[in-house]
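Participant: If you read the sequences in order, they're chains A and B.
Here our numbering is used: the first sequence runs in plain steps of one and ends on residue 463.
Here our numbering is used: the second sequence runs in plain steps of one and ends on residue 463.
Note that these hints are calculated values from the structure, not bench results.
Just so you know, these numbers come straight off a predicted model, no measurement behind them.
Take the hints with a grain of salt, since some may be wrong.
When chains are identical, the list treats them as one kind, so a pair holds in a single copy or across two.
Below, computed lysine to aspartate or glutamate pairings styled on DMTMM-like, alpha-carbon distance capped at 20 Å [unchecked claim]:
no., residue 1, residue 2
1, 74, 40
2, 273, 147
3, 459, 203
4, 274, 184
5, 372, 203
6, 74, 259
7, 402, 310
8, 110, 419
9, 48, 83
Number of protein chains: 2
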Amino acid sequence: MSEIVIKDLYRDTKKYNNKEVILEGWVKTIRDSKTFGFIELNDGSFFKNVQVVITDKLENFEKVAKLSIYSCIKVIGKLIITENAKQPFEIQATNIEILSECDKDYPLQKKRHSFEYLRTIAHLRPRTNTFNAVFRIRSVTAFAIHEYFQNNGYVYVHTPIITCADCEGSAEMFKLTTMDLKKELPKDQDGKTDFSRDLFGKETYITGSGQLHGETFASAFGKIYTFGPTLRSENSNTKTHANEFWMIEPEISFCDLDELMDIEEDCLKYIVKKVMERCPEEIDFCDKFIEKGLKEKLNKLLNSEFVRIDHKDVIDILKKADKKWEFEPDYGEDLAKEHEKYITEYFNGPVFVKNWPKDIKSYYMKLNPDGKTVAAVDLEVPGAGEIMGGSQREEDYEKLLKVIKERKMDADQIYWYLDLRRYGSNIHSGFGLGFERLLMYITGIENIRDVIPYPRTPKNCDF
Amino acid sequence: MSEIVIKDLYRDTKKYNNKEVILEGWVKTIRDSKTFGFIELNDGSFFKNVQVVITDKLENFEKVAKLSIYSCIKVIGKLIITENAKQPFEIQATNIEILSECDKDYPLQKKRHSFEYLRTIAHLRPRTNTFNAVFRIRSVTAFAIHEYFQNNGYVYVHTPIITCADCEGSAEMFKLTTMDLKKELPKDQDGKTDFSRDLFGKETYITGSGQLHGETFASAFGKIYTFGPTLRSENSNTKTHANEFWMIEPEISFCDLDELMDIEEDCLKYIVKKVMERCPEEIDFCDKFIEKGLKEKLNKLLNSEFVRIDHKDVIDILKKADKKWEFEPDYGEDLAKEHEKYITEYFNGPVFVKNWPKDIKSYYMKLNPDGKTVAAVDLEVPGAGEIMGGSQREEDYEKLLKVIKERKMDADQIYWYLDLRRYGSNIHSGFGLGFERLLMYITGIENIRDVIPYPRTPKNCDF
Numbered sequence: 001m002s003e004i005v006i007k008d009l010y011r012d013t014k015k016y017n018n019k020e021v022i023l024e025g026w027v028k029t030i031r032d033s034k035t036f037g038f039i040e041l042n043d044g045s046f047f048k049n050v051q052v053v054i055t056d057k058l059e060n061f062e063k064v065a066k067l068s069i070y071s072c073i074k075v076i077g078k079l080i081i082t083e084n085a086k087q088p089f090e091i092q093a094t095n096i097e098i099l100s101e102c103d104k105d106y107p108l109q110k111k112r113h114s115f116e117y118l119r120t121i122a123h124l125r126p127r128t129n130t131f132n133a134v135f136r137i138r139s140v141t142a143f144a145i146h147e148y149f150q151n152n153g154y155v156y157v158h159t160p161i162i163t164c165a166d167c168e169g170s171a172e173m174f175k176l177t178t179m180d181l182k183k184e185l186p187k188d189q190d191g192k193t194d195f196s197r198d199l200f201g202k203e204t205y206i207t208g209s210g211q212l213h214g215e216t217f218a219s220a221f222g223k224i225y226t227f228g229p230t231l232r233s234e235n236s237n238t239k240t241h242a243n244e245f246w247m248i249e250p251e252i253s254f255c256d257l258d259e260l261m262d263i264e265e266d267c268l269k270y271i272v273k274k275v276m277e278r279c280p281e282e283i284d285f286c287d288k289f290i291e292k293g294l295k296e297k298l299n300k301l302l303n304s305e306f307v308r309i310d311h312k313d314v315i316d317i318l319k320k321a322d323k324k325w326e327f328e329p330d331y332g333e334d335l336a337k338e339h340e341k342y343i344t345e346y347f348n349g350p351v352f353v354k355n356w357p358k359d360i361k362s363y364y365m366k367l368n369p370d371g372k373t374v375a376a377v378d379l380e381v382p383g384a385g386e387i388m389g390g391s392q393r394e395e396d397y398e399k400l401l402k403v404i405k406e407r408k409m410d411a412d413q414i415y416w417y418l419d420l421r422r423y424g425s426n427i428h429s430g431f432g433l434g435f436e437r438l439l440m441y442i443t444g445i446e447n448i449r450d451v452i453p454y455p456r457t458p459k460n461c462d463f
Numbered sequence: 001m002s003e004i005v006i007k008d009l010y011r012d013t014k015k016y017n018n019k020e021v022i023l024e025g026w027v028k029t030i031r032d033s034k035t036f037g038f039i040e041l042n043d044g045s046f047f048k049n050v051q052v053v054i055t056d057k058l059e060n061f062e063k064v065a066k067l068s069i070y071s072c073i074k075v076i077g078k079l080i081i082t083e084n085a086k087q088p089f090e091i092q093a094t095n096i097e098i099l100s101e102c103d104k105d106y107p108l109q110k111k112r113h114s115f116e117y118l119r120t121i122a123h124l125r126p127r128t129n130t131f132n133a134v135f136r137i138r139s140v141t142a143f144a145i146h147e148y149f150q151n152n153g154y155v156y157v158h159t160p161i162i163t164c165a166d167c168e169g170s171a172e173m174f175k176l177t178t179m180d181l182k183k184e185l186p187k188d189q190d191g192k193t194d195f196s197r198d199l200f201g202k203e204t205y206i207t208g209s210g211q212l213h214g215e216t217f218a219s220a221f222g223k224i225y226t227f228g229p230t231l232r233s234e235n236s237n238t239k240t241h242a243n244e245f246w247m248i249e250p251e252i253s254f255c256d257l258d259e260l261m262d263i264e265e266d267c268l269k270y271i272v273k274k275v276m277e278r279c280p281e282e283i284d285f286c287d288k289f290i291e292k293g294l295k296e297k298l299n300k301l302l303n304s305e306f307v308r309i310d311h312k313d314v315i316d317i318l319k320k321a322d323k324k325w326e327f328e329p330d331y332g333e334d335l336a337k338e339h340e341k342y343i344t345e346y347f348n349g350p351v352f353v354k355n356w357p358k359d360i361k362s363y364y365m366k367l368n369p370d371g372k373t374v375a376a377v378d379l380e381v382p383g384a385g386e387i388m389g390g391s392q393r394e395e396d397y398e399k400l401l402k403v404i405k406e407r408k409m410d411a412d413q414i415y416w417y418l419d420l421r422r423y424g425s426n427i428h429s430g431f432g433l434g435f436e437r438l439l440m441y442i443t444g445i446e447n448i449r450d451v452i453p454y455p456r457t458p459k460n461c462d463f
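Isolated chain A (complex conformation) (with noise of 0.2 Å):
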């Protein structure tokens, strides 16, 4: 391995000038005549390449120059500082070994390729600058995720995946089992299904959502945060759906529904500011070549105060607009995407959309003082729609009872999440962070796949 990489050459080009400097990359481009040439090499360290310089003083130079595109180098040469250039460096090289040569029919030649048919080659596009551009993004979002929770004292919880319980209806739940699904299915005296021969002796599917679980880790650390992956079945083919996709669920004790908008604001713009900070030639090339006026969007984010507004209020606006609307806005009903655009671009930024009908949201939702609505509250971004919902959670053991027998669910499955309000209850709230939404809200990329290293969706279990 290089003792140096490409990233610490741009990070700190001053200290290596003139110096002799050893990388090992990939071929990216190659340009050469019949005395000279140059590489654009990276090692995967850096968004930017660096520009060999190659001449016929190499022994090898005729094989480097005709090197395929992606072949594997080592390179031995030194640092200069090209003040006029258009790099701001390069390397001239003293001698090259040829650690690969990549194979004649690589896919990702010099050409522009559409999304599409880059998702047909997903182990070759994180090669690609939008791609790499977009998965280091994912990664760097991922940590400052991390990071905003640890440093405010919130503990980090492993929920599970694999669960019994069906928390919010198993229509959108994956069953898993070891049965042998190419036989028939082992069955008891009863002529059903014999699920005590399962690995796990019942029904199994994967979960939806870890706040159950997750608030029972509330009522011990105060703060804690979930950041797993998530399976729903869906069988919806959108740009924002994915059969896969991670999510971040905090919940946070003694914790009120203001309170809650509070943190939820400050995660975001701690998220939005740390990876522009850290990716700058990331959003760059996102601004230029996947969403003009990206910068300025979350720029603005980040010197903005969030509406808050209550949803009823909405629907007046809504009802005011001079808008002929696909879906007619209502008092009783969720936002469609129509909506959630104009009342975003209505305020010219974020806004908080709070205490929404009760009968269209979540049993486990504070009931307010009306009766009719629950302290529930969804965050709207210009162009990407919700990004978090959360809400108070309903802490009175009556009320929460209540609302499970007239939703019919069975409250026995889930006698140990309504322990958590007879054995130290408290004002609490939480809210779900959509990972694969942020980041298309932070690079500007549209459709789900693009974000995902290995998207599935209905129909499309690849690689």
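Starting from the structure of chain A, add chain B where the hints point.
Facilitator: Structure of chain B alone, referenced to chain A:
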């Protein structure tokens, strides 16, 4: 939410001396006499409780003094440094608001409970000292791992959980489906299960490793790591097996086996060091109540240089040992638990065992020039056995294809993995770190069920 949490008071006691503080938290213990009493209060922010002094000057003194364990209160009071007392400071309460009273059947009364019993109340056990320590250490360890890799230029990759590829044999893979398992499975014309009607249109599994996908990203970013849940369906009920656990899988380009060992050693030392720095109270507790000598063990790890020895030389040592083995050591075989134990005791510290017989290792490991061994390495640590397993990967296309065919695997299914050997192939290596094994080592906890928030093991999927 209170502005101040208990952690602040412990970390910066002087600042708060003689000041009024407001705390919200749970009553961990309460002792009272007629006119005064002591409440141990915890708000989840810190391992230790705060002592709150109550007197009959409080208007609700009698009610407060009779509060049940794990009731929730809000305390206003003055912080007083108590130099000669057991605790460094106390809060003299001037006002106490009762936020909720805990039901009297609360199962965690003061007496000690067995770990087995506590598993049956997994939703409450993080409130005990032991599990509070363990799960905070889990969180801090996870973050230290992210920190290590991010600070060293690795890109975090979320490899998919859902897979169609059968990378290491599907024997241990869960099947995933949206088909109704309570009914007959749909059949095609030939009477076989019709997987085209499943969500992905084919058989899908939950992957047991992200390595292969990780390698594809390492060929773009140079250094990557994964950190996510792993599901394996093996039916084994042991202290070290769970069906759901978390794993870290770094993959490094331009890195051979020796450099891999350098990284593994550096990484493990970093993690242990950070956890000891950031969780001194929790580590002290584990040292006292979970594993006597834990701190000495961890400090020794930090100050030792890990031994590096070939598998065959380990077998030599085992054969020469004056010991009756349950499993006879053999040059062609894996090490048994008893062998791992002996060898770490023999060297009195962590041991890298390298260059293993090829037939007992995975197909993707680099064949050594001897034609008999592969460049694999397992790290064995005293007390916990193997916690890291890695190898240099076979970077030669023809050699890799040969092994795949010898092992009768389907090369077409992993054509994309083979592509890496045709497009930009390089010497590269990676390892897997079992997160729970690491936690067992750091905390001294002996059963994997006790380092996982909600453990899943055969016949056991509660909560």
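Participant: Evaluate each hint against the coordinates.
Facilitator: Results for each hint:
Proximity of residue 74 to residue 40 under the C-alpha cut-off of 20 Å is restricted to the intra-copy arrangement: shortest distance 13 Å within a copy versus 63 Å between copies. In this assembly of identical chains, residue 273 and residue 147 lie within 20 Å of each other by CA distance both inside one copy and across copies; the values are 12 Å within and 18 Å between. Proximity of residue 459 to residue 203 under the C-alpha cut-off of 20 Å is restricted to the inter-copy arrangement: shortest distance 11 Å between copies versus 24 Å within a copy. For the identical chains of this complex, residue 274 and residue 184 are neighbours neither inside a copy (53 Å) nor across copies (52 Å), given an alpha-carbon limit of 20 Å.
With identical chains, the CA atoms of residue 372 and residue 203 are never at most 20 Å apart, being 36 Å at best within one copy and 45 Å at best between copies. In this homomeric assembly, residue 74 and residue 259 come within 20 Å of each other (Cα to Cα) only across copies, at 17 Å, whereas the closest approach inside a single copy is 54 Å. Taking the shortest Cα distances, residue 402 and residue 310 never come within 20 Å of each other, neither inside one copy (25 Å) nor across copies (65 Å). Taking CA atoms no more than 20 Å apart as the test, residue 110 paired with residue 419 passes between copies only; the shortest distance there is 19 Å, against 61 Å inside one copy.
With identical chains, the CA atoms of residue 48 and residue 83 are at most 20 Å apart within one copy only, with a shortest distance of 17 Å there and 58 Å across copies.
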